[in-house]
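Chains as they are written, first to last, in our numbering: chain P, 1 to 214; chain Y, 1001 to 1519.
Treat each hint with caution, since some may be false.
[As the list claims (entries may be wrong)] Which stretches of chain Y does chain P cover? Using the computed rule of at least three CB atoms under 8 Å from a CB of chain P, they are: (1) 1121-1129; (2) 1139-1145; (3) 1191-1197; (4) 1233-1242; (5) 1478-1490.
The set of hints was computed from the structure by calculation and includes no laboratory data. Fair warning: this is a prediction, and the values are worked out from it, not measured in the lab. Yeah, the Cβ is synthetic: ideal placement off N, Cα and C, and Gly gets one too.
Below, each chain spelled out in residue letters.
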Amino acid sequence: MASLIHFLGMMLLIASFWILVSSQIGACIRAYATHSFLLALITAVVAWSQHIEHLIIPALLTLALKTIVIPHVFFRIIRRLGIRKEVESYINIPFSLLLAVLLVFISFYATGEGRFLKPAAFGEFIPLAISTVFFGMLMMTTRKKAISQVLGLLLIENGLFLMAITMTFGMPLLVEMGIFFDVLIAVMIMGLFVFKIRDAFEGIDADDMTVLKG
Amino acid sequence: MMTIDKALWMPLIFAFLCLIPSPKRITRLTFIAGAVISAIGAWGFVFGASWSPRVFAFNGNLMMDALSAVFALLITGVGVLSAVYAGGYLFKEGDGSISPLRLRRYACFFHLFLFTMLLTVFSNNLGIMWIAIEGTTLASAFLVNVDDKKSSIEAAWKYLILCSVGISLALFGIILVYYSAIAQAASGESGLLLNWTFLLSKAKQLDPQVLRLAFIFILVGYGTKAGLAPFHSWLPDAHSQAPAPVSALLSGVLLSCATLGILRFHILTKAATGSAFSDTLLIFFGVLSVVVATPFILEQKDYKRLLAYSSVEHMGLAAAGLGFGGALGLYGAILHIMNHAFTKSLLFFSSGHLYYLFHSKEIADVKGLLRKNAFLGIIFFLAALAIAGMPPFSIFVSEFLILSAGFLGGKYISCAVLLLFLALIFVGFLRHASRMTLGGPNTNQSKQSGDWGRPNYHFGKEIKSLGGSEEPPKVERSLLMDSVLVVGMIVILTMGFYIPGPLNALIQAAGRIAGGTIL
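Make a model of the complete structure from these sequences and hints.
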């Protein structure tokens, strides 16, 4: 059991790195889908091993929404936008990889032994969750394309979901469902805005948006 | 009999009623009637005597106490003013008007926005409150961008992204609170663990260290939404690009709702840690917001951004008031949030009038308002004095209370800084307002354009004393829009002299809850 958990955790970290290093937006989305799939698996394993039946629903929802629906929406968006270009970043990929490694170290250090967060089980996931959140923020701050920023936001959300699952065995079901609903609506609205940005700015570079100052 | 459910259902039902394809006139009627009926319902519910001290609904996930009652009054009150104003502002006939489909969508999102804000203040479950606050961002993003101009899209995008990231930090804080509750929970209580009332009753058993950490995340997260510096960068963009009635809602009540979110956690943290940790943080970010907003107010060139930065200032002041604490500080802060909501929305409404008259958001383009349109000039000038803290307007009273609380609490340095910067802001506002209202009218007439955002404003009435030989602009006076200005002015003037008894009792009760009284 423990080794399975460790294995899934490792895979999750690899998937997070995969999102960061992908140079094509399509690969980024596939990496996000994989990340979400692993998240669903981890949720299922937690639910099964701790006998927490209500966690099955978030696991299924993660599988359905984040692994299938949202990546599908993203692929439709990039097909309609006709994006072939690579992911554009303010810093190059090796450097963001370096930063990412640093962030993983920080999250392991900050939540290491003797700190005051001591969950009943699965403590090793907390640094993973925090580094996923960090990765998402890194993506949001360094990527130029509006669509990569949305992916960054989703990555943050995945990290927080993992945090909730492993620290507290999931929030109450009602809240969990509400969060899923919000995420879905957010993706749809942001997707619509990506089209609006494309029409108004003739491109989806978020750093073209410099009209408003002061 | 009104209940929380009904108060929440009304805006939701009207949101969908507004979507029904119908002539513009009918949509407008549904739209305004929806806001009015929701307001009557909520106000009737709040002042109906049967709910005190608190009433629960939906398995304890929803709750109304005096604190949420005050905010519900605000949301629906400003909501009605804003809906009536929008009825004149966006639903015009003639060339350059907005297409009926867009208007229906606008009306729908407007009511959804009201619904999410009401849900925010009525939620007892902290998770549901988070969902509702994220919902406010999603519902209002389309309201910020009504015209698909470059600048509006940029503002809406920044608003969406920044607030969503901020809010996700707040979710982290909520997970931490839940974690600290789970560690102490007895079996059978698992459904209650995120309920604010439950957490408050068990506050002593929660891990204070975890709660401190959680409060920092909540403050940054909801603080982004509340416009506290240095997380306020979305605010001037969104407020300046949104149409006037939406700016009024954003500034008047959305920021207040986010502040309520912070306040709920502040009460909890204070009860759990028994220390002034969260007070200090609130004072720090509050004072910082006032300081950061000042130079932008003094040097501002765009009058809507001027108002937006003033919102940063006033939210900072309210946060500082909550931090100063004591019965006086809490009462003052809640009163301040209320006064700010009405005064600032009045100013944003008059900014809509200004934009019609001058077709520009530049302060430099607005000159001789008093001679061009005396009615608007007087209202705008008085409202600007009011927001700067001039007696006898209501803002003065609450600012005075907050500062007195600070001095009584021995926070001399914070109070001195606040006083200094409030004085600077006062001077800045006076200068801007007098430049805009006094003096001769602008001679170089701004360009007219056909799109709906810069409509031809046809004067039906004769305008007296226009300088020079310029063509008297024609304005179709909208009775709806003008009456909103008059009502707003009456409210802020009256609140400066006299707060009606039931309202005063309500604010006092809210202050007691904010002080941590467990009822």
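Each hint, compared with the structure:
no.: 1; hint: 1121-1129; result: holds (count 3)
no.: 2; hint: 1139-1145; result: holds (count 3)
no.: 3; hint: 1191-1197; result: holds (count 3)
no.: 4; hint: 1233-1242; result: holds (count 4)
no.: 5; hint: 1478-1490; result: violated (count 0)
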